[in-house]
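Those protein sequences? They're chains A and B, same order as listed. So that you can map any letter, position 37 of the first sequence is 37 in our numbering, and since no number is skipped, the others follow by simple counting. So that you can map any letter, position 226 of the second sequence is 226 in our numbering, and since no number is skipped, the others follow by simple counting.
Think of the hints as simulated: they come from the structure by calculation, not from any bench. Mixed in with the good hints there might be a few duds.
What the hints assert, rightly or not - Derived list of chain A stretches under chain B, where covered just means 3 residues or more per stretch with a C-beta under 8 angstroms from a C-beta of chain B: (1) 21-31; (2) 34-45; (3) 49-56; (4) 60-70; (5) 83-92.
The C-beta atom is built at its ideal place from N, Cα and C for all residues, glycine as well.
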Amino acid sequence: MGGWFWWMIFGMAAVTYLPRAIPLTFLEGRELPLPVQHVLRNIPYAVLGALIFPAIFFVQENVWFGVIGAAAAFGIAFAGADVMVVVLGSIAILAVYSLIF
Amino acid sequence: MDARGFTAGLKAGTSIAIGYFPIALTFGLLAKTTGLSIIEATAMSIFVFAGAAQYISLSLIAAGVAPAVIVLNTFIVNIRHFLMTAALNEKMQPEARWKKAIYAFGVTDESFSVLATQKGGRLRTAFAAGVILISYGSWVIFTAIGHLIGANLPQFLQASMSIALYAMFVGLLVPSMRGNRKVVSLAVIAALTNSFFYFTEWLSTGWAIMVSTLVSAVFVELISPKEVKS
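Input sequences plus hints: build the corresponding full structure.
Structure follows, in structure tokens:
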């Protein structure tokens with residue numbers, strides 16, 4: 001890669017950083033209108049729904065992988081396990097699945 | 001305010017570090033095959049720290065796309081973080097702007113999810129620093145190692161570890177869903193909207209996640225103004 005590569009990295013870094021930094025610094029100490037605050041409090045759970053579906057089904061070309069992984073993760077999580085157990089348990093179940101099939 | 005500090009943050013961020021491990025390793029490997037040196041590949045992870053955008057940039061570099069277009073594309077993919085950091089601001093302790101400007105660098109989909117779903121009151125900056133540092137460390141170190149060894153994990157392990165970050169998202173979401181219909185509605189409506197955009201291909205992934213999140217958060221607020229328990 002040539003000198004352009006470093007300019008590109010610099011540009012990528014800037015346009016990645018700004019959307020992260022502007023709201024956190026600009027909104028510091030500012031009280032937003034209540035309805036906006038309520039919508040913002042909803043964001044984390046909505047984001048999780050959108051991050052999980054449908055991408056979880058397509059982690060591998062074989063869609064069964066995603067389906068079994070999703071079932072494992074939800075099953076373990078609904079059983080009341082800690083996040084780390086959900087992560088390691090889902091990996092373990094898929095590892096067993098891929099060794100068998 | 002939540003009392004937990006840096007060490008508790010490191011612990012809470014460990015599942016992100018595990019989830020980043022296979023993705024960063026593969027990124028390092030792909031960067032090598034795309035022709036990036038180990039310095040260039042690692043520098044991208046050090047300075048950009050955005051998984052999806054970095055992966056896309058590799059395929060664009062390989063296709064000979066102009067650098068300015070790659071930068072623009074990176075911006076488009078990351079616009080959703082405006083929404084996430086605005087939401088995260090409601091969860092963080094009041095803090096000097098320069099400190100927030102520093103930890104803002106480490107807000108990814110994953111660190112946002114871990115921070116924003118913590119139970120209890122506002123989080124300390126030190127806790128966020130812990131979550132971010134362990135995630136960032138994993139991302140940077142395993143990018144370098146992926147390039148260095150130039151090989152992937154055994155296929156079965158690589159494949160099974162690809163579920164890790166999604167399993168983490170599930171593990172963060174489910175406890176909040178229990179007995180809270182509002183949280184269930186938020187997640188389900190966003191999931192359905194995002195799937196709709198995915199299958200119709202009306203929006204690219206970055207936009208789709210942002211629009212479906214916003215649609216769900218506003219819609220659910222209109223039909224059920226009761227507050228979500230945090």
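Each hint, compared with the structure:
Judged by the Cβ-Cβ criterion of 8 angstroms, the region 21-31 of chain A is covered by chain B as claimed, because 8 of its residues qualify and three suffice. Three residues within the 8 angstroms Cβ limit are the bar, and the region 34-45 of chain A against chain B gives 10, so the coverage statement holds. Only residues whose C-beta sits within less than 8 angstroms of a C-beta in chain B count toward coverage, and the region 49-56 of chain A has 8 of them, enough to reach three; the restraint holds. Coverage of the region 60-70 of chain A by chain B holds. Counting CB-CB distances below 8 angstroms, 5 residues qualify, and the rule asks for three or more.
A count of 10 residues in the region 83-92 of chain A with a Cβ less than 8 angstroms from any Cβ of chain B is obtained; the coverage claim is therefore met, three being the minimum.
Comparing the model with each numbered hint stated earlier shows that all of them hold.
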